[in-house]
Amino acid sequence: MHYHAESYGNYYASTVRQSAAVDPLERVVRLASGSAVVIFSLSTCCMCHAVKRLFCGMGVNPTVYELDLDPRGKEIERALTRLLGGGSAVPVVFIGGKLVGAMDRVMASHINGTLVPLLKEAGALWL
Amino acid sequence: MASHRGGQHVLSDSGPSRHHHISYAVPHTLHLPSNTSFINQEGSAFDFEIEELEEAIALQRVKINNNDEAKQTLYTARPRAATIEMFPSWPLKFHHTPRESLKSGEDSVCSESALNTLASRGDTCTATGHRLQPLLPPETQPQMEMVSSSDKPTTGVTESQLDAKPNPPKRRGAGSSSDKVLDAKTLRRLAQNREAAKKSRLRKKAYVHQLESSRIRLAQLEQDLQRARSQGFIIGGGAAGGNISSGAALFDMEYARWLDDEHRHMSELRTALQAHLSDSDLQIIVDKYIAHYDELFCLKEVAAVSDVIHLITGMWTTPAERCFLWMGGFRPSDLIKMLIAQLDTLTEHQAVGIYSLQQSSQQGEEALSQGLEQLQQSLISTIANGSVNDSMHQMAVALGKLTSLEGFVRQADNLRQQTLHQLRRILTVRQATRCFLVISEYYGRLRALSSLWASRPRENFIADDNSCQTSTVLQTLLSSRNQFSNF
Numbered sequence: 001m002h003y004h005a006e007s008y009g010n011y012y013a014s015t016v017r018q019s020a021a022v023d024p025l026e027r028v029v030r031l032a033s034g035s036a037v038v039i040f041s042l043s044t045c046c047m048c049h050a051v052k053r054l055f056c057g058m059g060v061n062p063t064v065y066e067l068d069l070d071p072r073g074k075e076i077e078r079a080l081t082r083l084l085g086g087g088s089a090v091p092v093v094f095i096g097g098k099l100v101g102a103m104d105r106v107m108a109s110h111i112n113g114t115l116v117p118l119l120k121e122a123g124a125l126w127l
Numbered sequence: 001m002a003s004h005r006g007g008q009h010v011l012s013d014s015g016p017s018r019h020h021h022i023s024y025a026v027p028h029t030l031h032l033p034s035n036t037s038f039i040n041q042e043g044s045a046f047d048f049e050i051e052e053l054e055e056a057i058a059l060q061r062v063k064i065n066n067n068d069e070a071k072q073t074l075y076t077a078r079p080r081a082a083t084i085e086m087f088p089s090w091p092l093k094f095h096h097t098p099r100e101s102l103k104s105g106e107d108s109v110c111s112e113s114a115l116n117t118l119a120s121r122g123d124t125c126t127a128t129g130h131r132l133q134p135l136l137p138p139e140t141q142p143q144m145e146m147v148s149s150s151d152k153p154t155t156g157v158t159e160s161q162l163d164a165k166p167n168p169p170k171r172r173g174a175g176s177s178s179d180k181v182l183d184a185k186t187l188r189r190l191a192q193n194r195e196a197a198k199k200s201r202l203r204k205k206a207y208v209h210q211l212e213s214s215r216i217r218l219a220q221l222e223q224d225l226q227r228a229r230s231q232g233f234i235i236g237g238g239a240a241g242g243n244i245s246s247g248a249a250l251f252d253m254e255y256a257r258w259l260d261d262e263h264r265h266m267s268e269l270r271t272a273l274q275a276h277l278s279d280s281d282l283q284i285i286v287d288k289y290i291a292h293y294d295e296l297f298c299l300k301e302v303a304a305v306s307d308v309i310h311l312i313t314g315m316w317t318t319p320a321e322r323c324f325l326w327m328g329g330f331r332p333s334d335l336i337k338m339l340i341a342q343l344d345t346l347t348e349h350q351a352v353g354i355y356s357l358q359q360s361s362q363q364g365e366e367a368l369s370q371g372l373e374q375l376q377q378s379l380i381s382t383i384a385n386g387s388v389n390d391s392m393h394q395m396a397v398a399l400g401k402l403t404s405l406e407g408f409v410r411q412a413d414n415l416r417q418q419t420l421h422q423l424r425r426i427l428t429v430r431q432a433t434r435c436f437l438v439i440s441e442y443y444g445r446l447r448a449l450s451s452l453w454a455s456r457p458r459e460n461f462i463a464d465d466n467s468c469q470t471s472t473v474l475q476t477l478l479s480s481r482n483q484f485s486n487f
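Note that the protein sequences, when read in sequence, are chains A and B. Counting in full-length UniProt numbering, the first sequence runs without a single skipped number right up to 127 at its last residue. Counting in full-length UniProt numbering, the second sequence runs without a single skipped number right up to 487 at its last residue.
To be clear, the hints were calculated from the coordinates, so they are not data collected in a lab. For clarity, every value in this text was computed on a predicted model and none was experimentally measured. C-beta: ideal position from N, C-alpha, C; glycine also. There's no promise every hint is true.
With beta-carbon atoms standing in for the labels, derived distance ranges [said to hold, decoys possible]:
{"no.": "1", "chain 1": "B", "residue 1": "Ser-306", "chain 2": "A", "residue 2": "Cys-56", "range": "52 to 58 Å"}
{"no.": "2", "chain 1": "A", "residue 1": "Cys-56", "chain 2": "B", "residue 2": "Glu-295", "range": "19 to 25 Å"}
{"no.": "3", "chain 1": "A", "residue 1": "Arg-82", "chain 2": "B", "residue 2": "Ser-451", "range": "48 to 54 Å"}
{"no.": "4", "chain 1": "A", "residue 1": "Gly-86", "chain 2": "B", "residue 2": "Phe-324", "range": "53 to 59 Å"}
{"no.": "5", "chain 1": "B", "residue 1": "Ala-256", "chain 2": "A", "residue 2": "Asp-23", "range": "48 to 54 Å"}
{"no.": "6", "chain 1": "A", "residue 1": "Ser-33", "chain 2": "B", "residue 2": "Arg-229", "range": "32 to 38 Å"}
Distance condition first, Cα-Cα at most 25 Å in a straight line; then the derived DSS-like pairs of lysine-lysine [what the hints assert, rightly or not]:
{"no.": "7", "chain 1": "A", "residue 1": "Lys-98", "chain 2": "A", "residue 2": "Lys-120"}
{"no.": "8", "chain 1": "A", "residue 1": "Lys-52", "chain 2": "B", "residue 2": "Lys-401"}
{"no.": "9", "chain 1": "B", "residue 1": "Lys-199", "chain 2": "B", "residue 2": "Lys-185"}
{"no.": "10", "chain 1": "A", "residue 1": "Lys-74", "chain 2": "B", "residue 2": "Lys-401"}
{"no.": "11", "chain 1": "B", "residue 1": "Lys-198", "chain 2": "B", "residue 2": "Lys-185"}
{"no.": "12", "chain 1": "B", "residue 1": "Lys-288", "chain 2": "B", "residue 2": "Lys-337"}
Not the full set, but computed from the structure, chain B residues with beta-carbon under 7 Å of chain A [claimed, not checked]:
{"no.": "13", "residue": "Ala-228"}
{"no.": "14", "residue": "Ser-360"}
{"no.": "15", "residue": "Gln-363"}
Given these sequences and hints, build the entire structure.
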């Protein structure tokens, strides 16, 4: 699991990125396409912990963005809420740059057998 | 009423034992509440009246035979010349008075008050009884006996007009056979009549007693319900008394209704399989079953919002189900494991699908369980670390964490629902019908196990009754096990 918080990590690259006023939704899309499996989470949320455990249990290595540790996390949260059409912003899962959804969609796709092919396609899972 | 009672007491003091029946039974019927049916009151009064009178007739016939008089029927108009001549006025007197009292009885019958009727009945009884009592012992008054026996047909006729009992025709039959010798058969029949009447009296008494006690109990229950409602508690089914939230009580009631539907669906599935319906028909039934479960998940979602603790503790399920409770319901992987054993005739593709379903449901369960564990740890630390200054804030945080339980129960139910839908997708219609029947029967047995558990004998030396009940229930369960082996 890779934890990313834009304020930490690569300072020079991030300062260049931060100076540009990026629309939060655009940022979400950019971050989501950066890795095979991307999870937007809150460090205090237990459901986020559950979804993380789910992917780790399958042998997937997701990239996690803890929004409460991000200075502009609030904006992203609001954007995600709008994207999901209400309800809780986190956890949200993107696979291969495409939105899968919140926990219930992830569970449903896992049960009906569509999650694993999606992961394989994105290169997050090898047999 | 009092004077009538007085009459009864006179009767009981002076009469032989059988007349105690009269004094016993009539006050008994008088004690019935006025809303008891009119016919019943009459019936019991007639029970002993008819029986006593029939007995009296038989005994008189015996006496007549013993006296070696000329054979007389009850209805013969031929007078016994010598006696009638001796007491010319007697027949007239005895004929009129009973008829008068009977007529008054008849009038009262037409009146609306049941008690009046009873009083008149009692009077009739008293009248005839009174006449019977001094007549029978002395053997020297056969003509009086004859006369009194002659008013019995009138009594019988009057009674037959008002009562639907078949006794009057029987009595007439007896009257017509008084020509023949009174044999043992008749005596036996009379004795049997007596016994039957006695038994029916006792049965009726027991029934009325039971009705009365049930009525009292119902009144008390209604009072309790009223009181509880006024205090703002809605009493749901299965609540162990005390405080139960309205959301939980509502869910309990809805769940009880769902269980009734479940039984109906189960029998539908069973008959559908046995009837060998077409695939399209089975499809309809299977889809209805899935919709039935979807309905349960909807109910649980509503209940989770109002009272998630009630769902998680499983107070809405039976004890045996509660043992296996996982996040407010059944564990999907356990269900799949059970089904794998029961479902044969799977294609390879289907087998792969079922096993991957088992694996994915297990992974989902594991993830949710770990999430819940983290929630519990976080809640414990919040409550434990609450400082004096910050206690309200900490409580608010803890409350927020407790509320997020709702999300976990909802996700668990979602997992269950998806598992059932996936099962339907993997299996053929016929297999799905069998599969859902297996599921339904499985939970039915689990619930039956719960009731056995609840009624199990607690002490070894007590409750032979309990263990007998348990063993009979076990026997019925074992005998119904054959259905399972049809798969």
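Status of each hint after checking the structure:
Separated by about 34 Å at the C-beta atoms, Ser-306/B and Cys-56/A break the suggested range of 52 to 58 Å. With their beta carbons about 35 Å apart, Cys-56/A and Glu-295/B fall outside the hinted range of 19 to 25 Å. A hinted range of 48 to 54 Å for the beta carbons of Arg-82/A and Ser-451/B is consistent with their spacing of about 52 Å. A beta carbon spacing of about 35 Å between Gly-86/A and Phe-324/B contradicts the range 53 to 59 Å that was offered as a hint.
For Ala-256/B and Asp-23/A, the hinted distance range of 48 to 54 Å is satisfied, since their beta carbons lie about 53 Å from each other. Distance hint check for Ser-33/A and Arg-229/B: the Cβ-Cβ separation is about 60 Å, which falls outside the suggested range of 32 to 38 Å. For the proposed pair Lys-98/A and Lys-120/A, the alpha carbon gap of about 14 Å is at most 25 Å, so the pair holds. Of the pairs offered as hints, the one joining Lys-52/A and Lys-401/B holds, with about 19 Å between alpha carbons and a cut-off of 25 Å not exceeded.
At roughly 21 Å between alpha-carbon atoms, Lys-199/B and Lys-185/B fall within 25 Å of each other, so this suggested pair holds. Between Lys-74/A and Lys-401/B the alpha-carbon distance is near 20 Å, which keeps this suggested pair within the 25 Å criterion. Distance hint between Lys-198/B and Lys-185/B is fulfilled; the C-alpha atoms sit about 20 Å from each other, no more than 25 Å. For the suggested pair Lys-288/B and Lys-337/B, the alpha carbons sit about 24 Å apart, so the restraint of at most 25 Å is met.
Using the Cβ-Cβ criterion of 7 Å, the hint placing Ala-228/B at the interface with chain A is not satisfied: the shortest such distance is roughly 37 Å. Annotation: Ser-360/B was flagged as interfacial toward chain A, and the flag holds, the nearest CB pair being 5 Å apart, inside 7 Å. At its closest, the beta carbon of Gln-363/B sits 5 Å from a beta carbon of chain A; the interface hint therefore holds under the 7 Å criterion.
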